[in-house]
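Chemist: The primary structure of each chain is shown beneath.
Number of protein chains: 2
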Amino acid sequence: MAKGLTKRSENYSQWYNELVVKADLAENSAVRGSMVIKPYGFSIWEKMQATLDKMFKDTGHSNAYFPLFIPKSFFSKEASHVDGFAKECAVVTHYRLKNDGNNNIVVDEKAKLEEELIVRPTSETIIWNTYKNWIQSYRDLPILVNQWANVVRWEMRTRLFLRTAEFLWQEGHTAHATKQEALDETEQMINVYAEFAEKWMAVPVIKGAKSENERFAGALETYAIEALMQDGKALQAGTSHFLGQNFAKAFDVKFTDKEGKLDYVWATSWGVSTRLMGALIMAHSDDLGLVLPPKLAPIQVVIVPIYKGEEQLVQISEKANQIKKKLQDKGISVKFDDRDTHKPGFKFAEYELKGVPVRIAIGPRDLENGTLEIARRDTLEKESRAQDSVEDYVITLLDDIQENIYIKASDFRKENTCKVDTYAQFKDVIENKGGFVLAHWDGTVETEQKIKDETKATIRCIPFSFEEEEGKCIYTGKPSKRRALFAKAY
Amino acid sequence: MAKGLTKRSENYSQWYNELVVKADLAENSAVRGSMVIKPYGFSIWEKMQATLDKMFKDTGHSNAYFPLFIPKSFFSKEASHVDGFAKECAVVTHYRLKNDGNNNIVVDEKAKLEEELIVRPTSETIIWNTYKNWIQSYRDLPILVNQWANVVRWEMRTRLFLRTAEFLWQEGHTAHATKQEALDETEQMINVYAEFAEKWMAVPVIKGAKSENERFAGALETYAIEALMQDGKALQAGTSHFLGQNFAKAFDVKFTDKEGKLDYVWATSWGVSTRLMGALIMAHSDDLGLVLPPKLAPIQVVIVPIYKGEEQLVQISEKANQIKKKLQDKGISVKFDDRDTHKPGFKFAEYELKGVPVRIAIGPRDLENGTLEIARRDTLEKESRAQDSVEDYVITLLDDIQENIYIKASDFRKENTCKVDTYAQFKDVIENKGGFVLAHWDGTVETEQKIKDETKATIRCIPFSFEEEEGKCIYTGKPSKRRALFAKAY
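Sequence lines, in order, name chains A and B.
Residue 519 is where the first sequence starts when you use the numbering used here, and the numbers rise one by one after that.
Residue 519 is where the second sequence starts when you use the numbering used here, and the numbers rise one by one after that.
Since the hints were made in silico from the structure, they are not lab data.
Treat the hints loosely; a few may be bogus.
Identical copies carry no separate label here, and so any pair may be met within one copy or between two of them.
Keeping only pairs whose Cα atoms sit at most 16 Å apart, straight-line, the calculated EDC-like set for lysine to aspartate or glutamate is [as the list claims (entries may be wrong)]:
hint: 1; residue 1: 616; residue 2: 987
hint: 2; residue 1: 996; residue 2: 960
hint: 3; residue 1: 772; residue 2: 901
hint: 4; residue 1: 999; residue 2: 929
hint: 5; residue 1: 974; residue 2: 910
hint: 6; residue 1: 861; residue 2: 949
hint: 7; residue 1: 813; residue 2: 716
hint: 8; residue 1: 616; residue 2: 606
hint: 9; residue 1: 650; residue 2: 545
hint: 10; residue 1: 779; residue 2: 946
hint: 11; residue 1: 605; residue 2: 626
hint: 12; residue 1: 605; residue 2: 627
hint: 13; residue 1: 630; residue 2: 673
hint: 14; residue 1: 616; residue 2: 601
hint: 15; residue 1: 605; residue 2: 618
None of these values were measured; they are calculated from a predicted model.
Build out the structure end to end from the sequences listed, making use of the hints.
Modeler: Listed below in structure tokens is the structure:
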């Protein structure tokens, strides 16, 4: 199965594209820029969804659903928002097809909409138009709502999971009585995302604030989590926006506070998308295929029988099913692959390609000796173990794999993060080594843009965790108080 | 809260519309025909989704995701399919907006799509175009895939949940090597829907086959579950379609069977939607508001304190929280409403409106006596009980309510189902009494259409469960072998 998978060192980009398709995660559809998420890929996304959904609910949020279509006029109400999204909007103009008389199905020009509808690229406008009717007084606040939905942004260059015209995501939209409460919410949600990325995806992330250039269209602050991929490029994995009173003003959403005073409502929005699948794949996988963190793997353990003839298969199957049952009783998801159409070697390669964390093989000698062979996907190490209490061992092993791939990714990031103090050094690292680069910057949009134009590197964020430090902008020499995190990015 | 809710006997339709909005289930949006599903309503839908999703997985299905947009040419490939949906399609024609120079945001005419994209009203065409690449041999079959998605059908007259331009649903799309396997799947899924309707929603349904007139556009057989609402109108709550080889032929999907022979693949599709919310509401609710089956109620038990002054509230809260904890430990979802902004009477009415199955009230005398008051939403009966082991009593009570509302709905259906043998009787029942009418019919499209034109009643299905019986068509007098189930329908 893994035959034909390009090596990362040869062509990282091609390796990724092939892996997504060969591991049955997703494929391009007949609709430009839209993907089909296949059952195996979708089952990983479902695990992500379930985990995040619980985290959102544990922090007080409820789900709701708002319309797919947004009237064009709503879009125009927040100026920077429409600037940010107008160039990539799918527009519905008609509501009927007809037969033209020659058996061609054509758009019925009589069924033209008075006002065009935009397929949502994000839902701030339709939601704040709705909130207007939900909010009169401070008693109606906060509103803590999330929606799981599909959105459309007409991207010109698309890549499976990373950048698609249609993608799946969740978007939280909250409304608050005070600025501080909205800021706290913005921070809480970026922390939720970081925890999910690190503890479930095993992907270390850097939390920070976006520069003005990279902020969400309509936000006063955008917080992001940034992850480093194996090719030294950064990937923005989630964002949380403090929207101030911008959307409340655009849609005239006011509330009466405890003192009876009218004020505009404060807002946040935050989202992660199927892009997380791209981060997951690129952070851990190798030349044999996917490496999945056990907490998100649809199949955590696969059992493969090694046999000759029907009789051996029957005997091994009995034992394998006992082990499967024991593992399932501990809450582990197990597949016993007794297909007789494929050889063990083929199956081994297939589950390596699909990133199943633990593989158990049982042969006739194992039956005699009460043993089995356990292989772990992350290190590819194999060992022979007793069948007794294998379930306890597997639990420990799954935890160990989860931790190990996180550490591996963290070590990689450490090795590929550096501080530079001159623009020459900066360009050298960005061009030749890649990775995260911490450098002083004078804080202006102009300088950031020039650096981007000259090196393709952008400011991923101003990390929350870094301390104040006097320095000089690598580009202009002007004074700077803290380093920004630069990288080339997806 | 319930003040102002129109009585069912006065205006059933208005009662429904008001109830949906007042109970915080959904509301009309600014986008014609599209609704906003509010958090309380969405939490019921989430419970439906979770239950159905488990039932689908238990019967071997996996989830996947296919594009929102369908190229117009795909649509035209299955003739009856496009006939069925062309008149209600939202069409995307452009992919960019621009500023016209006078600060108006307009559609950029330069960004016109070469081929228009249809917002999916259902996904058979895009999915069968995808399956073409997934299927070569019998080894690739069956494909058992479901997707949870939004779809758009441009309905002219819309009603919250029952008929909206955009709605949420699931659509299963399966591919099989044999006709029999596809027929078995079609039947299995209508059985899954019936089980869900009866055991979770507590709504009795009649399973049967649709007449040719009412079949899905592109299907050879459509099986449906039909429920009876309190106003005597039927509601189609779910459908499962045997598509034969129609879509395989339209998209040229062939497979090699075990004998090496090429044949077209057999297909089914099946779906339920947010329309189920409408069925749930209309089947059980009363003039005070919603009546929810405990298995789908987001809040199963609400505890309301009856107190004067802060001190009493503190004492009662302590007891209430103990009881809440005990109930939660048994897996019951509980809300303790200690808001001091509203009186108990207001809260009672609010939870009646929202259909919370069980209400517990605790006052100062209850504290002294170790008692509490339990009220059940379905019968509105109240009783005083000891606080000890209240959790066991509540479990029994929730089961009892679940069963009772099912029996009530079944009794209603029994009282409102009749057999008639003449067209005069038929018209009399349909016009004056409503409900299900079992009548002989000659099996022709023409007769069905005439009866529909004259009485507005349609054939809901040919029930699976009824026995062969010689009779004469009520309209033409021609011979008939079994009765069809007629009703006016939503």
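Chemist: How would you label the pair residue 605, residue 626 (within, between, both, or neither) given a Cα cut-off of 16 Å?
Modeler: Close across copies (9 Å), not inside one copy (26 Å); limit 16 Å.
Chemist: How would you classify residue 605 and residue 627 at a CA-CA limit of 16 Å: within, between, both, or neither?
Modeler: The answer is between: 12 Å across copies meets 16 Å, while 25 Å in one copy does not.
Chemist: Checking residue 999 and residue 929: alpha-carbon separation at most 16 Å within a copy, between copies, both or neither?
Modeler: Result: close neither inside a copy nor across copies, 27 Å intra and 76 Å inter.
Chemist: When no copy is specified for residue 630 and residue 673, does a C-alpha distance of 16 Å or less occur within a copy, between copies, both, or neither?
Modeler: For residue 630 and residue 673, the Cα distance is within 16 Å only across copies (15 Å; inside one copy 26 Å).
Chemist: Using 16 Å as the alpha-carbon threshold, which applies to residue 813 and residue 716: within, between, both, or neither?
Modeler: within (11 Å within a copy, 35 Å between copies)
Chemist: When no copy is named, should residue 772 and residue 901 be tagged within, between, both, or neither for a Cα gap of at most 16 Å?
Modeler: neither (65 Å within a copy, 45 Å between copies)
Chemist: Checking residue 650 and residue 545: alpha-carbon separation at most 16 Å within a copy, between copies, both or neither?
Modeler: between (41 Å within a copy, 13 Å between copies)
Chemist: When Cα atoms must be at most 16 Å apart, do residue 779 and residue 946 count as within-copy, between-copy, both, or neither?
Modeler: For residue 779 and residue 946, the Cα distance exceeds 16 Å both inside one copy (57 Å) and across copies (62 Å).
Chemist: My question is about residue 974 and residue 910: at a cut-off of 16 Å on alpha-carbon distance, are they close within one copy, between copies, both, or neither?
Modeler: Neither way: residue 974 and residue 910 sit 49 Å apart in one copy and 66 Å across, limit 16 Å.
Chemist: State whether the alpha carbon distance between residue 996 and residue 960 is at most 16 Å within one copy, between copies, both, or neither.
Modeler: Result: close within a single copy only, 6 Å intra versus 90 Å inter.
Chemist: Should residue 616 paired with residue 987 be assigned to within, between, both, or neither, using CA atoms and 16 Å as the limit?
Modeler: This pair counts as neither: shortest intra-copy Cα distance 67 Å, inter-copy 44 Å.
Chemist: Checking residue 861 and residue 949: alpha-carbon separation at most 16 Å within a copy, between copies, both or neither?
Modeler: neither (45 Å within a copy, 68 Å between copies)
In summary, the structure is inconsistent with hints 1, 3, 4, 5, 6 and 10 from the numbered list given earlier, while agreeing with the others.
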